[in-house]
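Number of protein chains: 4
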Amino acid sequence: MTNTKTTKTTIGRTRWAIAEGWIPPQSHGPAPAMTSHETACLLNAGDDDAHVEIRVFFKDRDPAGPYHVVVPARRTLHLRFNDLKDPEPIPRGTDYSSVIESDVPIVVQHTRLDSRQSEEALLSTVAYSE
Amino acid sequence: MTNTKTTKTTIGRTRWAIAEGWIPPQSHGPAPAMTSHETACLLNAGDDDAHVEIRVFFKDRDPAGPYHVVVPARRTLHLRFNDLKDPEPIPRGTDYSSVIESDVPIVVQHTRLDSRQSEEALLSTVAYSE
Amino acid sequence: MTNTKTTKTTIGRTRWAIAEGWIPPQSHGPAPAMTSHETACLLNAGDDDAHVEIRVFFKDRDPAGPYHVVVPARRTLHLRFNDLKDPEPIPRGTDYSSVIESDVPIVVQHTRLDSRQSEEALLSTVAYSE
Amino acid sequence: MTNTKTTKTTIGRTRWAIAEGWIPPQSHGPAPAMTSHETACLLNAGDDDAHVEIRVFFKDRDPAGPYHVVVPARRTLHLRFNDLKDPEPIPRGTDYSSVIESDVPIVVQHTRLDSRQSEEALLSTVAYSE
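Chains as they are written, first to last, in the working numbering: chain A, 32 to 161; chain B, 32 to 161; chain C, 32 to 161; chain D, 32 to 161.
Simulated from the structure, these hints should not be mistaken for laboratory data. One thing to keep in mind: the hints can contain errors.
Identical chains blur together in the list; that is why a pair holds if it fits in one copy or across any two.
Taking lysine to aspartate or glutamate and the DMTMM-like style, the derived pairs with C-alpha atoms no more than 25 Å apart in a straight line are [claimed, not checked]:
| no. | residue 1 | residue 2 |
| --- | --- | --- |
| 1 | K116 | D93 |
| 2 | K90 | D114 |
| 3 | K90 | D80 |
| 4 | K116 | D80 |
| 5 | K116 | E161 |
Produce the complete structure using the sequences and hints provided.
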């Protein structure tokens, strides 16, 4: 096999969308409502840090964000939407969608984790990219 | 990071298809047959309202629809196929597929919700687009 | 909305692949081993019948098939790999992959059904297309 | 149907990425932590062996690999990340992503298996390709 991989490490695109999103409402108690996490897995396989902006869309109000995240070069970040705080937390019990944009190519996969089972994923799909 | 995002908010495509679909039959009782929902999550991140047409295909009969849905600008709609009534409800206990077309770019994700667990999704995949 | 949809009903591609496949072994008894079904949902939204050929690939032996299936115009077929018999049944308890080719554009989604719960799907993903 | 399939058997691409990955930690005991497997299903439908290189990315350290795998011509390989040993095992209980590159076109699907239920898959998605 040739070593062409060492000269081209970047993979992915700069604009991604996840149409499905829902964080359990806090009022539903500890289980099962609070046992899962919406996650966007962000892979930056390239040699430059990725500066990522996330905008969140809702059914009945204006979009939230942008939220800012940095994925360092040659690193992956499994980002939980539950952890986004600035400029505002994402409302619980509310349908949302997200648009994820980066200044360098990244790969985005949408995963829901079940924290009851040692962080195992319940579902996963590569996000829409263009 | 530059602000190019504010000048291009649209993302997605105008023709989508979801080959898998099945709504539990009403005759199966309340659980578990009636505890899940087929959902098409429709994201319209652009500045113009999306006028969406949905056609539903079956194994043994002519297609149903078109159903008409509007997704306002910068909004998301998590549409349940169970809720489609006009021109006809989608038959229960029947395999179907759907084609979703919009006059502006949108992003479509196919998700099945489990209403027993506070609306958590059971599966999800970005739809086919072109 | 314009009526351009009525003049272009076809959607999809002619070459698809599903890299994951596994049918429970018959020797495992009725449950849970025999309670799920590998399914390829085939949507033919166009005006011509789709003549579909399926080839199945294994780890340790030559490919099986081609299997032949027809999806009529404007119909969908949720095809269970368990039901493929000619030229040979797909071996149980064996990793496989499939390549699905059609003479007209179709859309293929890979779904696993859980027959314990009224045909509800356990997982689903749009297949790879080109 | 024409026999054009017999003259073009290759399908897929040469560069793939799976942004989501997590292997249960060994310290969590036999169940449920050790009951699932991260799998990359690799289909090589072509007439030449595929020489595959896998690099694994983490949050807090440099990438691991490349790992080398061969998928023979007209064969599929359901590769468990748990089984990768050389140059180093993938750490347990750690978020990771993977980039999969091949010298001939292949198709990659990301699947998580639940070994409690006779190797049934829990989730599956076609990987990102370019």
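Comparing the hints with the structure gives:
| no. | hint | verdict |
| --- | --- | --- |
| 1 | K116 to D93 | within (17 Å within a copy, 28 Å between copies) |
| 2 | K90 to D114 | both (21 Å within a copy, 16 Å between copies) |
| 3 | K90 to D80 | between (33 Å within a copy, 13 Å between copies) |
| 4 | K116 to D80 | within (22 Å within a copy, 29 Å between copies) |
| 5 | K116 to E161 | neither (27 Å within a copy, 33 Å between copies) |
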